[in-house]
Structure formats: C-alpha cells, structure tokens
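Asker: These are the residues of each chain, in order.
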Amino acid sequence: MPMSDIRWFVKCALTAILLLFACGLATAWFGSGLELPATTTSDGTLTTLNRYVRGPTPDVVLVGSSLTFRLKEEYFSTPGVRNVALAGGSPVTGFEIVANQAHLPKLILVEMNILSRATDKALVEKFSNGGKADPLFFRPVRTAVAAYESWNHKPPDHAQVALALDRLLKQPPSDFDNHVYVDRAFDEMNAEDPTVAAGINVTRIQHLLSAVERRGSRVQFFELPYSDRLEQSRSVRITHEIVHNAFPDPDRWLKIDCPRSELRWSDGVHLDERSALIVSQSIDRALVSLPGSM
Amino acid sequence: MTFTSWQFGLFAAIVFGAYYLPPFRTFQVQLLVLASLVFYGYGQPELLPLLAAAVVGTYLFLILALRNRRIWLPVGIAFNLLLLAFFKYKFLFISAATGNYTGIATIDFLLRLPLPIGISFFVFHNISLLVDLTKRKVNAPDLTSVFLYIIFFPQLVAGPITRAEMFMPQVKPKYLADIPFVEAAKWILVGFFFKLYVANNLNEMTSYMDFPLYETLRTQDRWLLVFLYSYQIYSDFFGYSAIAIGFGLLFGYRLQINFNLPYIAQSFSEFWTRWHISLSNWLRTYLYIPLGGNRHGALRTYLNLMIVMGLGGLWHGAAFSYLTWGLMHGLLLVAERPFLARFDKVDWAAFRAIRAGFVFFCVTMLWIFFKLPNFDHALSYLHGMFIPSTNPNPPKLFYDLALLYSFPVMLQHLVPQGRFGKSLQMIEPYLYGAMAALMYLEAGPDTAFIYFQF
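Chains R and X, in that order, are what the protein sequence lines are.
Just add 814 to the spot in the first sequence (first one is 1) and you have our numbering.
Just add 622 to the spot in the second sequence (first one is 1) and you have our numbering.
Because the hints were derived from the structure by calculation, they are not lab data.
Treat the hints with care, since some could be wrong.
In silico contact screen, one side only, chain X against chain R (beta carbon under 8 angstroms); selected entries [unchecked claim]:
#: 1; residue: V804
#: 2; residue: P834
#: 3; residue: T1012
#: 4; residue: L1026
#: 5; residue: G1055
Glycine included, C-beta positions come from ideal geometry on N, C-alpha and C.
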C-alpha cells in the first residue's frame, strides 16, 4: 500500500478514535444526566426506566402498558407518585424491574388490562439490581437536541401545571369522531386470544406479589376503563376473567370510580388527556380510601 | 446476511483474507462464488436451489443462443421473465391466505416459497448476460464466471445492476497490490454512514407514515415526513450501493455507480440519469431502445416512455401504487420533453434552482406511492396533507432531530464540489473518520434495506 494511503488511514482512524474517546469521557463525566428526547417507544421506555432506577424510591409507583402510560405524574395530587408504565410493553416488565430494586416503594399499583404481552427479559436484565445501564458513549446529536429542548421548553412550575389542569377539566369532553379507530381496535382485540400469555403473566405476578409483600411493600391491582364497545371484545373479556379468577379478593383491587360519560378514547384504545386526568384523580381518591392510606 | 450485521463483517473478513492468499489465486472465482452462495443461503437456504436453477438455466440458454440467437435469446429472456413473474406477481392470481393452491404438491411447494431476495436484480443480470454476450458473439464463458457475474455477493441482493459487458472482462486473477484501498474505504464508510446515521434514524420518524399511524399525524407533520422519507430512501439505497461498490473494489471488481446527487437534477430526464442509474441504464438499453426509443416520432417516443416507466414501476412490485408511481414519472417525462431544449438555454442561477426545486418536490411527492404500496392508503395520506388534522393527540416529532439526521443528504447535494474540492480533499480523512465515529455513536435502530423487498 502506498505511503499516502497509509497516512490517509492513520488520519481517519485517529479522528474516529479521538471522537469516540471524547464521547466516552463525556459519558463518564456527566453520566446520563440529560434525558434524550424520545422519538420512539423504545427511547421513551429507556428514559422512563433510567429515571426510575436513578432517582429516589417513590412512595407509589404505577406499572402498566401504554394505557397507564397516559396517566402523567403531574395529574396526581398524591405526593410521590411515579409512573413507570411502558408504552408497547407489558405491566409485568415494569413490575419485575421495580421488584428487583434494592428499595421498594410503599405501594405498587399494577395495571391488569394488557396481559397478552411477554415480559421484556432484556429490559428487566438491563434495569434490575441497581440498573447499571449507563451506555459506554453518549450520543452527541441526541444530547445536543436534548439540551436544546430542555433549554427551549422548560417544564412548567407547579402553579402553571395546576392552572393548565384546571383549565383542561373545565373543557367539555372531546367531540372527536373516533368510531373508525374503535372499530379497528375492536376487530384487533376480538381476533386476539390472550389466554396462554395472560395465564403465564398472572403466575409471574403472583410470584412477584409474594416477593414484594414479604419485603414490606403493598400491591394493588387496577383496571383502566375501555370504551363500551371494547369492553365487549374477546381479548378484554378473557383477560378480565383470568385476572379476577386468579385474584378474587376485592380488597386487592383499586376501585376507580369516575363518570364514564366524561371519558374519551381518541384513538379507540387510549384515554385522551382530559380523560386521563379524570381517571388519575379517581385513583387519587381510591388511594385515600385505602385502609392505612398514604 | 445483511451488510450491517456483525456476521457480515466476519464473513467479509474471512473471505477477503483467503481471497488473496497465493494458494487460492487460481481459485479466486470459485472462492467468490462459494462465498456468494453462503452469503445468499445464510438467511434463506431453501432458495439456494432456485438461485442455482436460474443461473444454470440462463447459462444453458446462453450456450444455445450463441449458436442460434434468433430462437434461443427470446426463449432465455422469457425463462427469466417467467421466473420473475412467478414469484413476484403470483398473488395477483391466487390468494395468499389459501394454504392449498392447486392440489399439485410440487407447484404448491413453489407457490409457498417466499419471494427470493434480490430476484429482480439477478433476473436483470441474467437478461443482460444473454443479450450482451450473444450480441458480440464472444466465446462462451465458463459456468463459474457466469455464476460470479450473477451472484457476486456485494451486488446480489440489491444491485447495482452491472451490465455483463462491463463485468465479464473483469473476471481475471486479482492481486492485493492493485486494490485501491482508500477508494474502497471511502465508499464503504460513506455507505454505512448514510445507512446507519441517516436512513435508520429517519426511519424511526417515517414509520409514522405507515397505516394506520399516519391518521394520527398533524397536517404539517405529514408534509415533513414525506420529505424525510425522500431523504431516507436516498440514504438507504445510496448507502447500500456505496457499500456494494466498496466491497466490489476490495475483491478487484468495479461495479457501476448507482447514484449521482439525484436531488439536484433540473429535469425529470436528468433525475433518471442520477437516480438508480444502473436500473435506468438497463431499462434504456434493454427496453426503451428495442421499443424504438425516440426514433419514430414524438407520439411513439411518449408511448415508449410511458411503457418503460410503467413497467419500471411494476418491477418494484405487483401493486397499483408502484404502477402509479412509474406512470406518473412517465407522464412527467413526457410533459417536460417539449420544453427541455428551451429551458436548458436559460442560463440563470435562480431559474436553475427553481427547476431543481420543482423536480425535487415532484419526485418527493411521488415517493408516497412507494412508501404506501396500498393505493388507498397512499391516496388517504395525500388527502390528509391538504386538510386540517382533527386528532387531539398527535405524535410529537422533533424537528431539530429530523434536520440533524437529514443534514448529510442536504450537505452532500448542496455543497458545490468544484468550489470546495481542494479544501475538502485536505480534510477528507478527518471527515471520513468523523463519519465512522458518528455512525457508531448515533446509529439508528437496525432496519432492513428498503430495496431488499424488491
């Protein structure tokens, strides 16, 4: 190989190594302090779980699927609520990760709607036992965007949040016509038979429940409301039957009382923002009424 | 085996290591053929016999056509087109949901086989082989060389569709000292960078264009995503072609350049000399010119253009969307043709920029039919671009991230190479080093190359 070619390769390799070294150094120095903007479900999941395993242990934690993901933490008036629901994931994945931490929250709320999905073992492995999940190198472009987004869109303070939520509640329920989405969701959920997967998940939940309660934590189950049509779908009916047969004690279930006529599911399955707020407030009330409440 | 997998890295390193060893020098072609079979059979071993049958069949027709071109050349071409039609268009005539199609075990077995990866590409190689070699009345090449031309692993799955008359003379002993290492490294690095950094990251956003997700998008995001898809498909395919050219060079074969800054084209005819150049050349040589090209008056030329572009669209798949995409391109070629000479005389930078912008806009809009092969979905997406969105919970897209991931495509197209050529040459190794680091640090989630489906 000619000398000029060798020089070319040396310059190229040195540049790459220097950049990798700089990013590695920055990661070791700053850790993952900046939350990367989540452009995908997977990004969002990592952000949620990173925040949970690095922050102080909360009093109350919600685990669930994308249904629970819509219940934002600022909707709750109960202090110390942390939502680690995983969009596109199984409630059992979140439950496993919470149960595998050194410190447990006082109360774990487990969504029992979507139990047809398998546990994400890789995610559980990655975030269990202290969650040493730091990447070797940070992502410079993502981090730059995250820094810009944090600077440009500062999170609102408590008073601003309260005002915005109050305004949201005063609005009438959305009149968005979602029948196309409901029909499609109904067809999908009607075609699905969750018996096997839900059976496996329920067994795992029973084990996790015993394990965390032995360590002094408390577990309550909850089911988020679906639209009337979806409640009739095969998947929802079978899951409901399986979980209530497995956990028949009514005291194990959080009673979510909210005006169904006020609830809307813009995409047919997930609660819209106003409905999620209403449901969150119902959960707040249910938590207060629990024996020995927080 | 895909270029972006670690298995491919290991495979390429082993083959490269063995290829230039003196004991293997006399078996270089055989080694590459064997390696290509391993490469192809790694994911779909059940399709290896089919690939072998296609090559051996084409070879037999080649031998026969060298004796009597008039009879055996059309038969050989028909054999290949039937092969392509059988696998690609079978579901136009039978239902994919049916398990038992005809009741005849052998035919049902063939019908159940998945679409062989790269079939559109190796069938075109076969036809090129038959036409080129019989035209020049050369001596019949040996079967191993024919195998290598058709299944050479860098180009097997998604091209470039190298013409036989360009490839076959290159089949000879190769020496390590002749390899243009820097040139090969540049192609490979830029290819991986465009695939991993640009295409895979943009894919995360453009996946919202799929049905039914696009229904949740805001109107302005629909527009944005169409342009992002335009950048993505270019980066994905340019990336693949660049990697193929780079690996071709490492093994001593120069493959055809497939892209030449297509988004600065000032006319649609120029676009097709810059986009998927090897397919355009193939269609021109083996379809447009035999149909009469532009030798029989304006109307016949327009008809030929429409036929070629329509068939070019259908080559991508048996869907009305692909046909529409091809015909719309044909229509644009026909519409601009009477004005081209006059437009080319206007030597005004702003006018040239407007022309390039218009061509880019039209090409980008037509990508919708490519992204959404279901015609109803494509129309529904288009319709949503012109009405306000009512969905109260649209997904959030980060525009700054979209810009940063698209930036290399814009830079590549908009920086005048001539003006900055000298300074670019000086910083070139550093640029490629930065690209290497960035494609590792910022690689988007792994996704298959878009053109693998064709």
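Asker: Take the hints in turn and mark each one as holding or not.
Answerer: Hints and how they fare:
1. V804: It holds, given that the least Cβ distance between V804(X) and chain R is near 5 angstroms, below 8 angstroms.
2. P834: Given a least distance of 7 angstroms, the restraint on P834(X) holds.
3. T1012: T1012(X) check passes; min Cβ-Cβ to chain R is 6 angstroms, inside 8 angstroms.
4. L1026: Status holds, d = 5 angstroms.
5. G1055: This interface hint holds because 3 angstroms falls under the 8 angstroms limit.
Violation of the numbered hints given earlier is absent; every hint is satisfied by the structure.
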